[in-house]
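Peer 1: Listed below, chain by chain, are the residues.
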Amino acid sequence: MTSQELRVSKIERGTVIDHIPGGQALNVLAILGIDGREGDVVSIGMNVPSDRLGRKDVVKVEDRELSQSEVDVLSLIAPEASINIIKNFDVVEKHRVERPERVSGVLQCSNHNCITTEGEPVDSEFEVLDDGIRCVYCDTIIRDDITAHILA
Amino acid sequence: MRHDHITSARQLSREDIETVLDRASELAADPSAVADRHEGALLGLLFFEPSTRTKMSFSAAMKRLGGDIVDMGPVDSSSVKKGESLADTVRVVEGYADALVLRHPSEGAAQMASKFVDVPLINAGDGAGQHPTQTLLDLYTIRENAGLDDVSIGIMGDLKYGRTVHSLAHALTNFDVSQHFISPESLQLPRKVRYDLHQEGSAVKEHTDLDAILPSLDVLYVTRIQRERFPDESEYREVAGEYQIDTESLSVAKEDLSVMHPLPRVDEIAYDVDETAKANYFEQAHNGVPVRMALLDLLLGGAQ
Ligand SMILES: [Zn+2]
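Going down the list, the protein sequences come from chains R and B. Under my numbering, think of the first position of the first sequence as 1, with each following residue one higher. Under my numbering, think of the first position of the second sequence as 1001, with each following residue one higher.
In short, the hints are calculated from the structure, not lab data. Fair warning: there could be bad hints in the mix.
Result set (EDC-like, lysine to aspartate or glutamate): computed pairs, CA atoms no more than 16 Å apart in a straight line [as the list claims (entries may be wrong)]:
(1) B:LYS1254 / B:GLU1200
(2) B:LYS1192 / R:ASP35
(3) B:LYS1192 / R:GLU12
(4) R:LYS87 / R:ASP144
(5) B:LYS1115 / R:ASP123
(6) B:LYS1192 / R:ASP90
(7) B:LYS1192 / R:ASP130
(8) B:LYS1063 / B:ASP1088
(9) R:LYS87 / R:GLU62
(10) B:LYS1063 / B:ASP1022
(11) R:LYS94 / R:GLU127
(12) B:LYS1115 / R:GLU120
Stretch-level coverage of chain B by chain R, calculated; a stretch enters the list once three of its residues show a Cβ under 8 Å from a Cβ in chain R [claimed, not checked]:
(13) 1095–1107
(14) 1147–1156
No experiment lies behind these values; they were computed from the predicted model shown. No residue lacks a Cβ here, since even glycine has one placed at the ideal position from N, Cα and C.
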């Protein structure tokens, strides 16, 4: 184990999200709906030197696996990220995120008059464009920082 | 046509559009031929905001096909007032009718509602979003008067907020049409519409001045510029005044220019234009009936 890896302690069970662009770790936590008040055990490495990214962030969450919706949205802000599932201190599963054609849930449409913001029994859903996302209900395109639209 | 629901003009291909318009032409030529075609069929009308004329037009279309309507009535007398979700309302009402027409103040309402019902659902306007039957009757009127290929169409007025404009502009990309967008700078097409037009390979030709482009147009589609888009009355008057037409300003136009307007108008088309052969806006409104008949006929299917 190198000294760099030691910066963030090993976990027994949970998920390690690696190769997040430097500075995006807190947005990743927001996508996972983690604000610290629920008691999740989380370790964060920020701006860790990386061969691939220059600087990367790493997030380790104990006793937690990610839903497909969370991984999909994560891929929009961290297209190079890898997801490692840990059991008994070992990586039992590892995969890179893929840019999906659609993302659902997690994000809220920026159009306040969109039907998905009105308590109807549907999740938000967006088509993923080259340079943004588009609500499949009201057609609104979000091109700015999508992390500003994470559902509380 | 292979759609269960009509929620957006964006979903319609050129072939779909032509199927509806061809059927509308047949029905307009001989409406009596279908007077009992859908006898016994019921169309459910769910208007969550008032739109008397759209509702009348759908009612007339259904009745001219031999069917009838069941109307939810105004929202203040319904369960919606008690906080029922739209998803629940449409799931209840689909049991009362063979097809539904939905008008709702929220964008995406029809798209969402269509996921919860098995009977065909037609969007009759969702907030600032889509209003596909308006688009189809606009296309029908353009085809009747100028044709839909090798024509130059000017769309003028409030292009930023006008949903009929957005929907029409997108639908026109299916045809060999040169589109010109004429508006004050503050009311130009929004990003999502530009994006669509760009994706469809259609150039966005924008103008702030009608006079320069008017002589080349075959169709001029006028929309209202609303007072509330401007900070004060004087600015509104000054800007809106530049986008009003009368017989004098139309004197430089082609003899057979077709002037359209989704109505109601206020002062953007002077009354003196009504008497000219260029005025096609009342015909346009009337065309809503055969076009909606055609759409209902195709969605309801049934006996030939
Ligand atoms: Zn939306």
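Peer 1: Confirm or reject each hint.
Peer 2: Hints, one by one, checked against the model:
Straight-line distance between C-alpha atoms of LYS1254 (chain B) and GLU1200 (chain B) comes to about 29 Å, which puts the hinted pair past the 16 Å bound. Distance restraint check for LYS1192 (chain B) and ASP35 (chain R): the Cα-Cα separation of roughly 33 Å exceeds the 16 Å cut-off, and the hinted pair is therefore not satisfied. A threshold of 16 Å between alpha carbons decides the hint, and for LYS1192 (chain B) with GLU12 (chain R) the separation of about 47 Å lies outside it, so the pair is violated. For a cut-off of 16 Å, the pair hint linking LYS87 (chain R) to ASP144 (chain R) is broken: about 37 Å separates their Cα positions.
Note on LYS1115 (chain B) and ASP123 (chain R): the hinted pairing holds, with a Cα-Cα distance of about 12 Å set against a maximum of 16 Å. Simply put, LYS1192 (chain B) and ASP90 (chain R) have alpha-carbon atoms about 47 Å apart, too far for the 16 Å limit, and the pair is violated. Between the alpha carbons of LYS1192 (chain B) and ASP130 (chain R) the distance comes to roughly 14 Å, so the proposed pair stays at or under 16 Å and holds. Pair hint LYS1063 (chain B) plus ASP1088 (chain B) does not hold up; C-alpha atoms about 27 Å apart against a cutoff of 16 Å.
Restraint check: the Cα-Cα separation between LYS87 (chain R) and GLU62 (chain R) comes to about 10 Å, which is no more than 16 Å; the hinted pair holds. With a CA separation close to 20 Å, the supplied pair LYS1063 (chain B) and ASP1022 (chain B) exceeds the 16 Å bound. For the hint linking LYS94 (chain R) to GLU127 (chain R), the alpha-carbon distance of about 26 Å lies beyond 16 Å, and the restraint is violated. The hinted pair formed by LYS1115 (chain B) and GLU120 (chain R) meets the criterion: a straight-line CA distance of about 12 Å does not exceed 16 Å.
Coverage of the segment 1095–1107 of chain B by chain R holds. Counting CB-CB distances below 8 Å, 4 residues qualify, and the rule asks for three or more. As drawn, the segment 1147–1156 of chain B meets chain R at 0 residues by the rule of a beta-carbon pair under 8 Å; below three, the given contact is violated.
Going down the numbered hints, you'll see the structure goes against 1, 2, 3, 4, 6, 8, 10, 11 and 14, while the others check out.
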